[in-house]
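Q: So the chains spell out like this:
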Amino acid sequence: MLAYYFDLAVHSLKRHRVLTALMVLAIAMGIGASMTTLTVLHVLSGDPLPQRSGSIYYPQIDPRNLVDYSPKVEPPEQLTWVDGMYLLHARRAVRQALMTGGMVPLQPAQSAIDPFQAAALYTSSDFFPMFNVPFKYGTGWGEAEDAGKVRVAVISSALNDKLFGGKNSVGQMLRLQETAFRIIGVLGDWHPNPHFYEWYMGGYDSDEDVYLPLTTARDLKMEHDGSTDCWGNSGGDPDHLETVNCTWLQFWVQLDTPASVADYKRFLEHYSQDQHRAGRFLRPPNVRLRSLMQWLDYLKMVPSDARLQVWLSLGFLAVCLINTVGLMLAKFMRRSTELSVRRALGASRRALFGQLLMESGVIGLLGGAGGLLLALLGLWLIRQQPADYADLARMDISMLLTTLLIAVLASLIAGLLPAWRACRVAPALQLKGN
Amino acid sequence: MEIRPIVASLKKHRIPTLLIVLQIALACAVLCNAVFMIGGRVRQMRLANAIDEQGLVSVSLQGTDPKLIASDTQRNLAALRSIAGVQAVSVVHTLPLTNNNWGWSFGITPDSSVTDQKNTNVTLYFVGQGSQRALGLRLLEGRYFSDSEYVDNAIAGGALPNTHLVVITQALGKQLWPGQSALGKTLYSKPNYYTVVGVVADVLRPRLWSDNRKSYYSAFFPVGADDVLRTYVLRGAPADRDRILREAIDALQTANPQAVVKGVTFQAIRDKYYADTNSMVWILVLVCAVMLAVTAFGIVGLTSFWVGQRRRQIGIRRAVGATRADILRYFRTENFLLSSAGVVLGMIMAYGVNLYLMKQYELERMPWYYLPAGALALWLIGQLAVSGPAMRAAAVPPVVATQPA
Chain C
0 MLAYYFDLAV
10 HSLKRHRVLT
20 ALMVLAIAMG
30 IGASMTTLTV
40 LHVLSGDPLP
50 QRSGSIYYPQ
60 IDPRNLVDYS
70 PKVEPPEQLT
80 WVDGMYLLHA
90 RRAVRQALMT
100 GGMVPLQPAQ
110 SAIDPFQAAA
120 LYTSSDFFPM
130 FNVPFKYGTG
140 WGEAEDAGKV
150 RVAVISSALN
160 DKLFGGKNSV
170 GQMLRLQETA
180 FRIIGVLGDW
190 HPNPHFYEWY
200 MGGYDSDEDV
210 YLPLTTARDL
220 KMEHDGSTDC
230 WGNSGGDPDH
240 LETVNCTWLQ
250 FWVQLDTPAS
260 VADYKRFLEH
270 YSQDQHRAGR
280 FLRPPNVRLR
290 SLMQWLDYLK
300 MVPSDARLQV
310 WLSLGFLAVC
320 LINTVGLMLA
330 KFMRRSTELS
340 VRRALGASRR
350 ALFGQLLMES
360 GVIGLLGGAG
370 GLLLALLGLW
380 LIRQQPADYA
390 DLARMDISML
400 LTTLLIAVLA
410 SLIAGLLPAW
420 RACRVAPALQ
430 LKGN
Chain L
0 MEIRPIVASL
10 KKHRIPTLLI
20 VLQIALACAV
30 LCNAVFMIGG
40 RVRQMRLANA
50 IDEQGLVSVS
60 LQGTDPKLIA
70 SDTQRNLAAL
80 RSIAGVQAVS
90 VVHTLPLTNN
100 NWGWSFGITP
110 DSSVTDQKNT
120 NVTLYFVGQG
130 SQRALGLRLL
140 EGRYFSDSEY
150 VDNAIAGGAL
160 PNTHLVVITQ
170 ALGKQLWPGQ
180 SALGKTLYSK
190 PNYYTVVGVV
200 ADVLRPRLWS
210 DNRKSYYSAF
220 FPVGADDVLR
230 TYVLRGAPAD
240 RDRILREAID
250 ALQTANPQAV
260 VKGVTFQAIR
270 DKYYADTNSM
280 VWILVLVCAV
290 MLAVTAFGIV
300 GLTSFWVGQR
310 RRQIGIRRAV
320 GATRADILRY
330 FRTENFLLSS
340 AGVVLGMIMA
350 YGVNLYLMKQ
360 YELERMPWYY
370 LPAGALALWL
380 IGQLAVSGPA
390 MRAAAVPPVV
400 ATQPA
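Quick note, the sequences are listed as chains C and L, same order.
With numbering that gives the first Met the number 0 applied, the first sequence corresponds to residues 0 to 433, in that order.
With numbering that gives the first Met the number 0 applied, the second sequence corresponds to residues 0 to 404, in that order.
Hints are not guaranteed to be accurate.
[Claimed, not checked] Here are the computed lysine-lysine pairs in the DSSO-like style, where the Cα-Cα straight-line distance is at most 27 Å: (1) L:K213 - L:K184; (2) L:K261 - C:K161; (3) L:K358 - L:K66; (4) C:K148 - C:K135; (5) L:K358 - C:K71; (6) C:K220 - C:K264; (7) L:K66 - C:K220; (8) L:K117 - L:K66; (9) C:K299 - C:K71; (10) L:K117 - L:K10; (11) L:K213 - L:K271; (12) L:K213 - L:K189; (13) L:K189 - C:K299; (14) L:K261 - L:K117; (15) L:K173 - L:K117; (16) L:K261 - C:K220; (17) C:K161 - L:K271; (18) C:K299 - L:K184; (19) C:K148 - L:K66; (20) L:K189 - L:K173; (21) L:K358 - L:K117; (22) C:K166 - C:K135; (23) L:K10 - L:K66; (24) C:K71 - L:K117; (25) L:K261 - L:K271; (26) L:K213 - L:K358; (27) C:K299 - L:K213; (28) C:K148 - C:K220.
[Said to hold, decoys possible] If you want a taste of the chain L side facing chain C, the calculated C-beta under 10 Å gives, among others: (29) D64; (30) L67; (31) A69; (32) S278; (33) M279; (34) I282; (35) Q312; (36) Q359; (37) A394; (38) V398; (39) T401.
What the hints contain is simulated information worked out from the structure, not anything from laboratory work.
C-beta atoms are modelled at their ideal positions from N, C-alpha and C, and glycine is treated no differently.
Input sequences plus hints: build the corresponding full structure.
A: Here it is, written out as structure tokens:
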């Protein structure tokens, strides 16, 4: 039955090649444009830690003075050294890590490679277990190294490939800013996108080359990059960041149960209250504890251009679909004579409706296939762009199936009205004229 | 032309009529907003920047010993000066459009502090000797700095220089002291203060603001050897700049083997800064063009269908005396009515979409003239699209009236 309908549809579509081509093209372009932009959005708003993100939280407190104070104001995005160190050492969460990014000059021992600026993350030991960071060789460091400001480094697998040809480099020395560091670990495949834990150095595709203990980096006065927000009369003197009134550190905690989340929030409030009473925080307690995904949402990590493009392409898809409805209507109505003959010969309205819908479905399938090709082309074009997320714009299986599904559904919906109108012809009424 | 028969005929074809109107309306709404976004971005890319962009090359040097910065800087500048074709050399801490912004808020009264809300956020450009020539700054009023005013370690790890002179852009002067000359006035941020000795033509900031005027709030501070001055700028003829860049990188890497040397032409800095904007503009242009094409084909398709349906009626009209021009005019007028209904609806939708985007994405309000411009575009496209089918309709011979349907 369906095969017969399909044959009929193909036959009818072949009869009006230009009209068919117009409809297929309209659907293909609408689907192609929307799937390109939706895929980009899908990639950009993805979950960087699929297994863990539900138990990762970002605490915020408000240590600022009363300038520009209002009760509804959001706390700063980062912590001061004093607060960060207190929260880190308080160990009220399952795991916690304090961090900031920076660029550090790397002087390779191999003379063939020129010195270069390596992207670095200065962090504390829990970073690796908390985010489930995979290691290819060696391990991360522990609390002893944090406390002792030991000169150890974990490097990315890309840097390991570049400097050591991918061999196990654990135990080798690495010269950073004229200081020797011992490599204790080489990361495996670790490219969280968005780059959620440190977003000032670039939100996407911005993996670090080296990971160093925060305490060691401060000890060596390594340059911290990103944002330093100060208040009062503090300048952001890079040599005294431990004491100034500036926020410049990111702090993440792992909290596994709703009860521990509530506990942690209370702990932040008590801490703020104590500091307020002691006169260090001039504002009343103002804390937030957002989960990882909420935090990304709050930061508006997804570039607004990407969202705008989605809206634009959906508008475009709507134009294409309305266009297809119109063309299909024209096509079906033109066949009133044929349809009424078939009605007169005994075809039920239902059967005609089914046949016409099958025709729309075939158009949708063709349009979807075309749209898929256009979307692949669109994504390829986006990958040629210099935006930092450009390289991530790739179609995955789920988006591929979504594309085809949306195309067929859209064209079926577009076919509903024309098919319904067309099969309302009275049997044989149209025959009279001929 | 009598429009009543046209309206009567359209009423008999409610669904196709509605579809065309809806399609034109949607196309109009998307078009107005897309063109508005394109306009804003193109305006931003075209902002003038009063430095010698074409002849400028920059080479940054990282990872050298901060204690040796004074002697290193002198040695590096000398090495760069000896490159053939170099007209001027200097060292600065950042350049326009590099995203590396050092901002600070200043007021115009002595009690202003950095956190005051009413202050103006300004980009600080710390510049070394010879920077006016090297960057190609155009002095409009007053003077630039004299050699003795560049103080070594003026920043020394702080946020502001411990000097008291500044040269500002014209736009900043106008913002701070509207209607007055900025010369001799003072910028304050407790406890620092800076007297304006010169005004230069508008130089862009390292990062642009959505309000184009604010993108010019730049101030130049004279600084001698200091750890923050690590970007060397060289100016030469545009034809020489690629060679100058290569030789400058070599010269600095030879002089500082352990340092990280990175060089780039200013043209490349500009291209990189605007790359995203540029690709967004192309995407928008492409979507608009394809959407208009789809709309036009839709009109062609539906009108062709109508012409086919009405062949007999057209023949009758021709037989009773209508000229070809009458038939042509009939379909043109019909399309004009449909387009008009479409663009009226479309302009309302365009306005609504703009309101939504303003709320969600901090877009500006769309100037009113985008609406009639979009309407005009769709009217034209409608008339263009209807030409073919209308011509075919006009070609229907009167004899059709006598043939059985």
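Q: Each hint needs a verdict: does it hold in this structure or not?
A: Against the structure, the hints:
no.	hint	in the structure
1	L:K213 - L:K184	holds, 20 Å
2	L:K261 - C:K161	holds, 19 Å
3	L:K358 - L:K66	violated, 51 Å
4	C:K148 - C:K135	holds, 24 Å
5	L:K358 - C:K71	holds, 19 Å
6	C:K220 - C:K264	violated, 33 Å
7	L:K66 - C:K220	holds, 14 Å
8	L:K117 - L:K66	violated, 39 Å
9	C:K299 - C:K71	holds, 19 Å
10	L:K117 - L:K10	violated, 61 Å
11	L:K213 - L:K271	holds, 21 Å
12	L:K213 - L:K189	holds, 23 Å
13	L:K189 - C:K299	violated, 34 Å
14	L:K261 - L:K117	violated, 39 Å
15	L:K173 - L:K117	holds, 15 Å
16	L:K261 - C:K220	holds, 22 Å
17	C:K161 - L:K271	holds, 26 Å
18	C:K299 - L:K184	violated, 40 Å
19	C:K148 - L:K66	holds, 24 Å
20	L:K189 - L:K173	holds, 22 Å
21	L:K358 - L:K117	holds, 24 Å
22	C:K166 - C:K135	holds, 10 Å
23	L:K10 - L:K66	violated, 86 Å
24	C:K71 - L:K117	holds, 20 Å
25	L:K261 - L:K271	holds, 15 Å
26	L:K213 - L:K358	holds, 21 Å
27	C:K299 - L:K213	holds, 23 Å
28	C:K148 - C:K220	holds, 12 Å
29	D64	holds, 8 Å
30	L67	violated, 12 Å
31	A69	violated, 18 Å
32	S278	holds, 4 Å
33	M279	holds, 5 Å
34	I282	holds, 6 Å
35	Q312	violated, 14 Å
36	Q359	holds, 8 Å
37	A394	violated, 19 Å
38	V398	violated, 18 Å
39	T401	violated, 15 Å
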